[in-house]
Amino acid sequence: MDNIKQLCGFIVEKHKRFLSQYKIELANLDRILVLQEEIDQFNHWITSGELSYNEKKAKALAELNSLVKNNPKKISSKRLEGVRSKISDHEAALQYWDARAGEVAHDQIR
Amino acid sequence: MTKLGKKFDELSTDLDGKIARLKSLFSREEKFWSEIKKLKAERNNLNVKVKELSSKGKRLRSERDKLNEEVASLKNKRAGIIERIKTLRDDVKGSVSEKKSLNKDAGALSTKIIFRLNKVFNRLLCEEMPLEKEQKLFEDAISMSQKLDIALKADKIHSSILSKYSEIALLESEVNMISDTIRSTASEAEKKHMESLNVYSELDAVRKQSDDFHTQLLSKYEELKPIRDEITLLKDEIKSSEDEVDAAYDTLAKSRETSVKKKMAEKISEAKEKFKTGKRISFDDFRSIIASDDIITED
Chain S
1 MDNIKQLCGF
11 IVEKHKRFLS
21 QYKIELANLD
31 RILVLQEEID
41 QFNHWITSGE
51 LSYNEKKAKA
61 LAELNSLVKN
71 NPKKISSKRL
81 EGVRSKISDH
91 EAALQYWDAR
101 AGEVAHDQIR
Chain B
1001 MTKLGKKFDE
1011 LSTDLDGKIA
1021 RLKSLFSREE
1031 KFWSEIKKLK
1041 AERNNLNVKV
1051 KELSSKGKRL
1061 RSERDKLNEE
1071 VASLKNKRAG
1081 IIERIKTLRD
1091 DVKGSVSEKK
1101 SLNKDAGALS
1111 TKIIFRLNKV
1121 FNRLLCEEMP
1131 LEKEQKLFED
1141 AISMSQKLDI
1151 ALKADKIHSS
1161 ILSKYSEIAL
1171 LESEVNMISD
1181 TIRSTASEAE
1191 KKHMESLNVY
1201 SELDAVRKQS
1211 DDFHTQLLSK
1221 YEELKPIRDE
1231 ITLLKDEIKS
1241 SEDEVDAAYD
1251 TLAKSRETSV
1261 KKKMAEKISE
1271 AKEKFKTGKR
1281 ISFDDFRSII
1291 ASDDIITED
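Heads up: the sequence lines are chains S and B, in that order. Going by my numbering, the residue at position 84 of the first sequence is 84; the numbering climbs one at a time, nothing skipped. Position in the second sequence (first residue = 1) + 1000 = my numbering.
It cannot be assumed that every hint is accurate.
Part of the chain S face toward chain B, derived, beta carbon under 8 Å [as the list claims (entries may be wrong)]: (1) N3; (2) L7; (3) F10; (4) I11; (5) K14; (6) F18; (7) V34; (8) A92; (9) Y96.
Just so you know, the hints here were simulated from the structure itself, not pulled from any lab data. Every value quoted in this text rests on a predicted model; they were computed, and no experiment measured them. Backbone N, C-alpha and C fix where the C-beta goes; we use that ideal spot for every residue, glycine too.
If we strip away everything but chain S, and leave its shape as in the complex, we get (with noise of 0.2 Å):
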């Protein structure tokens, strides 16, 4: 019994640590997509001559292909989606470990 209650331990962790990959993956993602949304104004804003060059485009194109570089993974909404899904199953599986380790527990005291 206490060795299913550790398996059940075991999972819920994995799944914490997934889900905490998928969650600064899903972070990165968002942020890369809100990078890529800032360098396309700031390109538009420089052909129409609103703006030109400047350091806060520079500033946020460093920080995208930082990201980019660090998330070898084809960045797309596809594969946002994929993640956030991921993090959905995660986070039901972490509920049913979760539970599962409850009963154990409860069935032990029992």
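Add chain B to chain S, keeping to what the hints say.
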């Protein structure tokens, strides 16, 4: 010869005969004593041998008994070990049956289950998968863990069986050693027994010889007894005969003295008469006259 002289001679002859008989008896007695001494020496020598053989026989029997006790003790020890071996074999039999049943329940060797379980754990704890798949692997892991427990229990029983077989082998070796010792000790005891039988057989023969000598000795004493009785009797008789001879001698001497005195008185009377009548007297007559004073005085 006078009557008294004749009697004295008869008594003296009788005494001489008795003394001669006594000497003959002494000679025979001495011969008996010599034989008795010889028989006693033979019997005593044999008695010494009897004592030595008896002591040797007792020592051999004591050694035999000690060896027999050792054999009995070793047999007891061996019986204990054999009982222990039997118990171990029964245990092993039960354990083998239990192990077979556990192996059947486990379905595979513990090493194989561990290998599979590691794979399942690795997937379960490292890989991403649908919850349904994860649930199935989780149930598989639990089932495999239970089977692993069973397989490990079977392994433990297997180790215990091997350990018991090792113990059995050691104990059987000990039983063989004890059996060898029992055989050699029993053989030694048998040797002591046979040796003691020979000694006691020799002892019986020597004792019989000694008894024979003793019987002969008693017989010699029996034969000697009438001789000794006769010697005692003869000694008394000789003493009494000596007294009789002494008495007869005294009587004879007195009689002879009286007769001499009478003859002397007659001679004196004749000599005095010759002297009174003036007849020629001889020197012998003269001596009689001289001696007459004494005789007269005595009368």
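Now for the hints, and whether the structure bears them out:
1. N3: With Cβ-Cβ at 6 Å, under 8 Å, it holds.
2. L7: Nearest chain B Cβ about 6 Å off; hint holds.
3. F10: Nearest chain B Cβ about 5 Å off; hint holds.
4. I11: Since chain B brings a Cβ to about 6 Å from I11 of chain S, closer than 8 Å, the hint holds.
5. K14: 5 Å, holds
6. F18: 6 Å, holds
7. V34: 27 Å, violated
8. A92: 7 Å, holds
9. Y96: 6 Å, holds
Checked against the numbered hints listed earlier, the structure breaks hint 7 alone; every other hint is satisfied.
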